[in-house]
Structure formats: structure tokens, C-alpha cells
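Student: Here are the chains, one letter per residue:
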Amino acid sequence: MERGPGPLRPQILAALRQHGDPLRWAITAVEPSGFATVASAGPALGDPSGDRPGRLRLEAVMVR
Amino acid sequence: MTPAAPLLTLLVIPTGIGCAIGGYAGDGLPAARLLAAASGCLVTHPNVMNGASLYWSDQRIHYVEGSALDRFAAGELALRPVRRQRLGVLLDAGIEDSLRLRHLQVAEGCRASLGLEIGPVVTTDRPLEVSLNRGPSGMSWGRLGQPDALLRAGERLKALGATAIAVVSRFPDDDGSEALQAYRQGSGVDGLAGAEAVISHLLSGHLGLPCAHAPALAPLEPDPRLDPRAAGEELGHTFLACVLVGLSRAPDLVSLGADLERRVALADPGLLLPEAIGAVVAPAGALGGGAVLACAERGVPLISVANPCLLQVTAGALGLPALAASSYSEAAGLLLALREGISPAALTRPLAPLLPLAS
Numbered sequence: 003m004e005r006g007p008g009p010l011r012p013q014i015l016a017a018l019r020q021h022g023d024p025l026r027w028a029i030t031a032v033e034p035s036g037f038a039t040v041a042s043a044g045p046a047l048g049d050p051s052g053d054r055p056g057r058l059r060l061e062a063v064m065v066r
Numbered sequence: 046m047t048p049a050a051p052l053l054t055l056l057v058i059p060t061g062i063g064c065a066i067g068g069y070a071g072d073g074l075p076a077a078r079l080l081a082a083a084s085g086c087l088v089t090h091p092n093v094m095n096g097a098s099l100y101w102s103d104q105r106i107h108y109v110e111g112s113a114l115d116r117f118a119a120g121e122l123a124l125r126p127v128r129r130q131r132l133g134v135l136l137d138a139g140i141e142d143s144l145r146l147r148h149l150q151v152a153e154g155c156r157a158s159l160g161l162e163i164g165p166v167v168t169t170d171r172p173l174e175v176s177l178n179r180g181p182s183g184m185s186w187g188r189l190g191q192p193d194a195l196l197r198a199g200e201r202l203k204a205l206g207a208t209a210i211a212v213v214s215r216f217p218d219d220d221g222s223e224a225l226q227a228y229r230q231g232s233g234v235d236g237l238a239g240a241e242a243v244i245s246h247l248l249s250g251h252l253g254l255p256c257a258h259a260p261a262l263a264p265l266e267p268d269p270r271l272d273p274r275a276a277g278e279e280l281g282h283t284f285l286a287c288v289l290v291g292l293s294r295a296p297d298l299v300s301l302g303a304d305l306e307r308r309v310a311l312a313d314p315g316l317l318l319p320e321a322i323g324a325v326v327a328p329a330g331a332l333g334g335g336a337v338l339a340c341a342e343r344g345v346p347l348i349s350v351a352n353p354c355l356l357q358v359t360a361g362a363l364g365l366p367a368l369a370a371s372s373y374s375e376a377a378g379l380l381l382a383l384r385e386g387i388s389p390a391a392l393t394r395p396l397a398p399l400l401p402l403a404s
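Chains R and G supply the protein sequences, listed in that same order. The working numbering numbers the first residue of the first sequence as 3 and each following residue consecutively. The working numbering numbers the first residue of the second sequence as 46 and each following residue consecutively.
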């Protein structure tokens with residue numbers, strides 16, 4: 003799926019519900035988006051917004 | 046000086062992705078025990094705690110099936126610790142008589158030797174028809190051919206008074222595939238785990254009860270090259286004992302779906318509430334699951350632990366803030382810091398200077 007702005011989990015659930023009722027799911031790969039990734043020298047890594055575009059590969063088991 | 050109040054912590058080690066720690070037979074248990082000691086209150090799932098014939102009971106550890114843990118993290122459920130559960134046992138009609146007897150005798154042993162309250166026992170009205178497969182990533186998944194039969198048996202158990210349910214379903218035997226050999230020798234993925242998760246997710250979500258699963262399988266030939274992490278599964282005839290022990294004190298699942306339910310729950314001091322989650326700990330490459338993402342949305346500190354697995358879904362790739370830990374020992378230190386109110390940033394060097402914002 004193509005990631006949009008905003009929290010990620012609701013986007014994933016909405017995408018999966020187009021195929022049925024998701025029983026178990028996970029993001030299994032993230033394709034680079036072309037945006038710079040964030041790295042810091044301290045123990046914290048990442049962007050506090052958790053909000054960046056990109057493509058995600060999902061695997062799921064659905065109830066049909 | 047007394048220790049700070051417990052820090053409610055979630056420990057997630059996703060099943061079926063070959064985690065070096067926690068990807069085998071209960072080999073996440075030492076990490077769970079350590080994190081429970083550091084946090085004072087740990088919520089984790091059966092994949093972490095189940096070692097087939099091996100298990101560990103700790104009042105600080107709450108055993109919550111994976112989909113319920115996701116809903117807890119998302120603020121949809123609260124957890125009510127209990128003294129004991131009344132364990133219903135749900136047996137797949139596809140289990141042959143001798144294997145069925147083995148499982149019933151494990152249940153009898155847990156009653157007699159551990160004092161667990163077990164019963165009733167219900168058998169499905171048709172075989173569940175479990176099949177196993179792998180996703181494109183290599184992650185293990187599964188299919189349930191007769192989900193309605195599972196749900197009917199679960200409903201019957203609940204009507205008969207069961208407050209938690211142990212499911213035993215017949216899994217396809219593996220006569221020595223390369224994948225099974227790799228798993229037993231410590232370099233593969235648990236091929237059963239994905240299907241087990243599907244079964245327990247379906248039943249727990251339907252009934253609103255704690256549920257966990259044990260696969261029924263014919264015994265394997267001894268393997269002299271067996272990895273210690275897989276050894277727990279070689280000790281007995283079933284994988285059921287750990288499930289019964291885990292469920293025996295699994296917390297009740299309390300829905301927070303409606304405003305009234307939430308207000309009532311907030312007034313109950315005996316509940317573990319999602320608002321109290323103080324940290325989530327997960328493998329650094331497996332951060333793309335429901336519990337971690339829900340916690341990230343809620344601003345819960347995420348500790349990403351170096352624990353190699355099939356996936357590379359990292360904090361950097363997802364753009365999530367995380368505290369990186371090179372081991373579960375380091376994660377325990379970070380939890381202790383959070384519990385004591387110490388900023389983790391103060392424990393590393395260089396310590397970046399404050400940058401006042403322009404007025």
C-alpha cells in the first residue's frame with residue numbers, strides 16, 4: 003500500500019478491510035520513499051511525527 | 046529506598062518470523078522475566094511464554110493473546126487480573142484417539158499437580174482442517190478450513206462456564222522437511238506459529254475470552270543436532286502444559302468500546318488500563334504490527350531491541366521515534382530508567398546541548 007500522511011495503523015486497517023476482516027496482519031517490508039531517513043547519535047531514532055510517505059508491503063490473514 | 050511504581054510495559058516478539066530470541070520454544074521467557082523484574086508489570090503474549098512442556102509463572106507477567114494485546118494497545122480493551130481462570134479445553138475432532146488421550150492426560154496432570162481448574166472439555170463437531178503456509182516474506186501463516194466449527198465449540202464452552210479457552214487442533218505432520226530441520230537446528234522459522242496465531246485470534250476476538258493454542262502433532266524422531274532453543278518441544282507428547290499454565294491466570298478482557306464502559310473502567314482500580322502503558326518493547330526489525338503502531342500513535346515510548354528476524358521493518362524505515370537497545374539486557378536498563386523517571390538521553394554520550402527556540 004501507499005502510505006499517506008497521518009497515523010499509519012488506521013490506513014492499514016482501511017486498506018485491509020477492502021479484502022475482508024483482517025485477522026492477523028503485519029508490515030513485512032518498507033520501500034524507500036526517497037525522503038531522507040532520520041538518524042541520531044543518541045539512543046532515539048526516528049521522526050516523532052511518524053508521518054512520512056512511502057510504500058509498504060503487508061501480509062495478512064482475512065476472515066471471509 | 047523503595048522502587049518506583051511499576052511501569053506497565055508491553056513485550057512483543059511476533060510469532061513466525063524467526064526471531065533469534067523468542068522465535069523458538071519459549072526462548073523469549075528469560076527476556077520476559079528480566080523485563081518483568083525491571084518494569085514491575087509486563088504484558089506479553091503466548092509466543093513469548095510458551096515453551097511446550099516448559100513454562101514460568103510470574104505474578105508480574107500478564108499472559109494476553111496477541112490480538113487482545115493489539116486491542117489493549119489501541120485502547121479498546123482493559124485487562125483485569127484474576128486469581129484463576131476456569132479453563133475450557135477445545136479439542137479438534139481431527140485429532141486421533143491416542144493423541145487426544147495424551148492431551149487429556151496433560152490436562153489431568155495440570156489439575157492434579159498444579160491445582161489448575163480445568164473443564165469442561167468440548168470436541169468440535171467436525172475436523173478444523175488446519176493447513177500451513179508461508180508468505181512472500183517467509184513469515185509463517187495458516188488457514189483454517191472450518192472456522193465455524195471452532196466458533197461453535199468455543200461458544201459451547203463459554204456457555205458451560207469456561208472463562209478462558211485452550212484450543213488443541215490437529216496440525217499436519219511434517220516428516221522432516223528442510224524447513225523443519227532448519228527450525229530444529231536453530232536457523233529457521235517456526236512453521237506452526239502463524240496458524241496458531243490465526244486460531245487464537247479468531248476465537249478470542251469472537252468470544253472476548255483469553256484463548257491460546259497448542260498444536261497436536263505426532264512425535265518427531267530425536268535430532269542430535271537439536272538447537273537448545275527448540276528443546277522445550279522435545280520433552281513431552283504435547284505442547285499443552287504451557288498453554289494451560291499461561292491461561293490459568295490470564296487477565297480477563299474488558300471491553301472499552303462505549304463511553305460508559307470506559308468511564309466505569311476508569312473508576313475500577315483493579316484494572317490495567319491502556320492509558321497506563323508506559324513502554325513497548327519489540328524487535329528492531331519487526332515494528333510493523335498493530336500493538337507497536339498503536340503505541341506509537343499514543344506516544345508510548347518504544348524500545349527497539351536488536352533481535353534478528355526475517356523482517357527489516359525498522360523505526361527508521363517507518364519514521365517512528367524509538368530507543369534502540371542492543372540486547373534485552375539493555376532494554377531492561379532502559380525500562381528501569383523510564384520507571385525511575387530518568388531520561389534515557391542522559392545515559393549516553395555525547396549529550397546534545399539545548400537549543401533555545403527563537404522568540
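You may find that some hints are simply not true.
One side of the interface only, derived from the structure: several residues of chain R facing chain G at Cβ under 7 Å [said to hold, decoys possible]: (1) Met3; (2) Glu4; (3) Gly6; (4) Pro9; (5) Leu10; (6) Arg11; (7) Gln13; (8) Leu18; (9) Arg26; (10) Ile29; (11) Met64.
It should be emphasised that the hints constitute simulated quantities derived from the structure, not laboratory data. Everything numeric in this text was worked out from a predicted model, so none of it was measured. Ideal placement from N, C-alpha and C gives every residue a C-beta, glycine not left out.
Student: Taking the hints in turn, state whether each one holds.
Tutor: Status of each hint after checking the structure:
no. : hint  : in the structure
1   : Met3  : violated, 12 Å
2   : Glu4  : violated, 14 Å
3   : Gly6  : violated, 13 Å
4   : Pro9  : holds, 5 Å
5   : Leu10 : holds, 6 Å
6   : Arg11 : holds, 4 Å
7   : Gln13 : violated, 10 Å
8   : Leu18 : violated, 11 Å
9   : Arg26 : holds, 5 Å
10  : Ile29 : holds, 3 Å
11  : Met64 : violated, 10 Å
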